[in-house]
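Trainee: Here the protein sequences line up with chains A and B, keeping their order.
With the numbering used here applied, the first sequence covers 52 to 240.
With the numbering used here applied, the second sequence covers 40 to 111.
Some hints here could point you the wrong way.
[To be verified] Straight line, CA to CA, 20 Å or less: simulated DMTMM-like cross-link-like pairs of lysine to aspartate or glutamate:
#1 B/67 x B/86
#2 A/131 x B/78
#3 B/51 x B/102
#4 A/130 x B/86
#5 B/48 x B/65
#6 B/67 x A/129
#7 A/131 x B/49
#8 B/90 x A/80
#9 A/67 x B/65
#10 A/70 x B/78
#11 A/70 x A/80
#12 A/131 x B/84
#13 A/231 x A/174
[What the hints assert, rightly or not] Covered by chain A, according to a simulated footprint, are these stretches of chain B (three or more residues, beta-carbon under 8 Å):
#14 51 to 57
#15 62 to 68
#16 71 to 83
#17 94 to 104
[Claimed, not checked] Which chain B residues face chain A? A few, computed with CB under 7 Å, are given here:
#18 87
#19 88
#20 109
Read the hints as simulated data drawn from the structure, not as lab findings.
Every residue gets a Cβ at the ideal spot worked out from N, C-alpha and C, and that includes glycine.
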Amino acid sequence: MDSLKERFYRIYPDLKGNKAVESFMTQPEHQELLKEFLTSPSPSAEDCLNEAFKAHYFGIRFTSYVSSSLYFHSVNFDKKIRLHRGRQLLTLDQPLGGDEDGSFKDMIPDSGEHLTLPEQSLEDAISDDALLAAFIGLTDRQREILDLAYVKEMNDTEIASALGVSQQAVSKSHRNALTKLREQLQKGA
Amino acid sequence: MNALYEMVKEAKDNSLYEVNVVRTFEPKIRKSLHLTQQENREDLEQELKIKVITYVRNYSLEDVPGLFDLTK
């Protein structure tokens, strides 16, 4: 195959070292055309070779043209947007001014933390129907203890002093209540 | 035959095929999107696709030199 190239370059010495021509020669289907052109030079063979090279060269040129254009366009696009944003700041993005850092955005109060309403009883808080039914089935005392333990987050000792009973009694009915709830749930499931 | 050459040639005859060229350059477009911030990427993507289509329309196939034009 190398001899083909040599022969070709002997006829067209200008093309030697041309990268597009070199890469064109590496593809087998182009070498076929080249062989045909060199063995029996005719206008049609020349045309075929020329067309194939045109397509090959176009591929290279167009790809590099589009690639670099896309790159520069992206860079310019980003620059333009930054410039625009710098000039047309949204009110909240504007700096506070004075010596203070930050923007007006930092001054917005967080309204999210006030959104959760404190539940008074577990009855309002339980969303599972089966669990709610089981909870209502507990005794008044058990429900009161669970409310204090999970809504007010008190420990057994605090509950005991609030209700005026011993800590052991609270602990016991707490445990009984949970056991009952679990039994009810497992029965339902 | 070079696939891109065929594709562009087709696209010039029938603009329905332009989308094929855009699809070919999709990876390059996606890479270019990283040059701007997240919130502007969709805009840029659209711009770049339009660009590719205008390149296809404006790039002259005849201006590509043939093998023997290079000898001069």
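Trainee: Please go over all the hints and tell whether each is borne out by the structure.
Mentor: Right, here's what the structure says about each hint:
For a cut-off of 20 Å, the pair hint linking residue 67 of chain B to residue 86 of chain B stands: about 13 Å separates their Cα positions. Distance hint between residue 131 of chain A and residue 78 of chain B is fulfilled; the C-alpha atoms sit about 14 Å from each other, no more than 20 Å. For a cut-off of 20 Å, the pair hint linking residue 51 of chain B to residue 102 of chain B stands: about 15 Å separates their Cα positions. This hinted pair checks out: residue 130 of chain A and residue 86 of chain B have alpha carbons roughly 14 Å apart, not beyond 20 Å.
Taken as a hint, the residue 48 of chain B and residue 65 of chain B pair is honoured in the structure, with Cα atoms around 19 Å apart against an allowance of 20 Å. Of the pairs offered as hints, the one joining residue 67 of chain B and residue 129 of chain A holds, with about 16 Å between alpha carbons and a cut-off of 20 Å not exceeded. Between the alpha carbons of residue 131 of chain A and residue 49 of chain B the distance comes to roughly 34 Å, so the proposed pair goes past 20 Å and is violated. Between residue 90 of chain B and residue 80 of chain A the alpha-carbon distance is near 33 Å, which puts this suggested pair outside the 20 Å criterion.
Note on residue 67 of chain A and residue 65 of chain B: the hinted pairing is violated, with a Cα-Cα distance of about 35 Å set against a maximum of 20 Å. Only pairs whose Cα atoms come within 20 Å are accepted, and residue 70 of chain A paired with residue 78 of chain B is rejected, the gap being roughly 41 Å. For the suggested pair residue 70 of chain A and residue 80 of chain A, the alpha carbons sit about 18 Å apart, so the restraint of at most 20 Å is met. A threshold of 20 Å between alpha carbons decides the hint, and for residue 131 of chain A with residue 84 of chain B the separation of about 15 Å falls inside it, so the pair holds.
For the hint linking residue 231 of chain A to residue 174 of chain A, the alpha-carbon distance of about 16 Å falls within 20 Å, and the restraint holds. With 0 residues carrying a beta carbon less than 8 Å from a beta carbon of chain A, the segment 51 to 57 of chain B misses the three-residue requirement, and the given coverage is violated. Counting residues of the segment 62 to 68 of chain B whose CB falls under 8 Å from any CB of chain A gives 3; the rule of at least 3 is met. Coverage of the segment 71 to 83 of chain B by chain A holds in this model, with 8 residues showing a Cβ closer than 8 Å to a Cβ of that chain against a need of three.
Figure legend: the segment 94 to 104 of chain B, annotated as covered by chain A; annotation consistent (5 residues with Cβ-Cβ distances under 8 Å, at least 3 required). About 6 Å separates the beta-carbon of residue 87 of chain B from the nearest beta-carbon of chain A, less than 7 Å, and the hint is met. Interface restraint check: residue 88 of chain B against chain A, minimum CB-CB distance 10 Å, threshold 7 Å, status violated. Taking 7 Å as the C-beta cut-off, the interface hint given for residue 109 of chain B holds, the closest approach to chain A being about 6 Å.
Going down the numbered hints, you'll see the structure goes against 7, 8, 9, 10, 14, 19, while the others check out.
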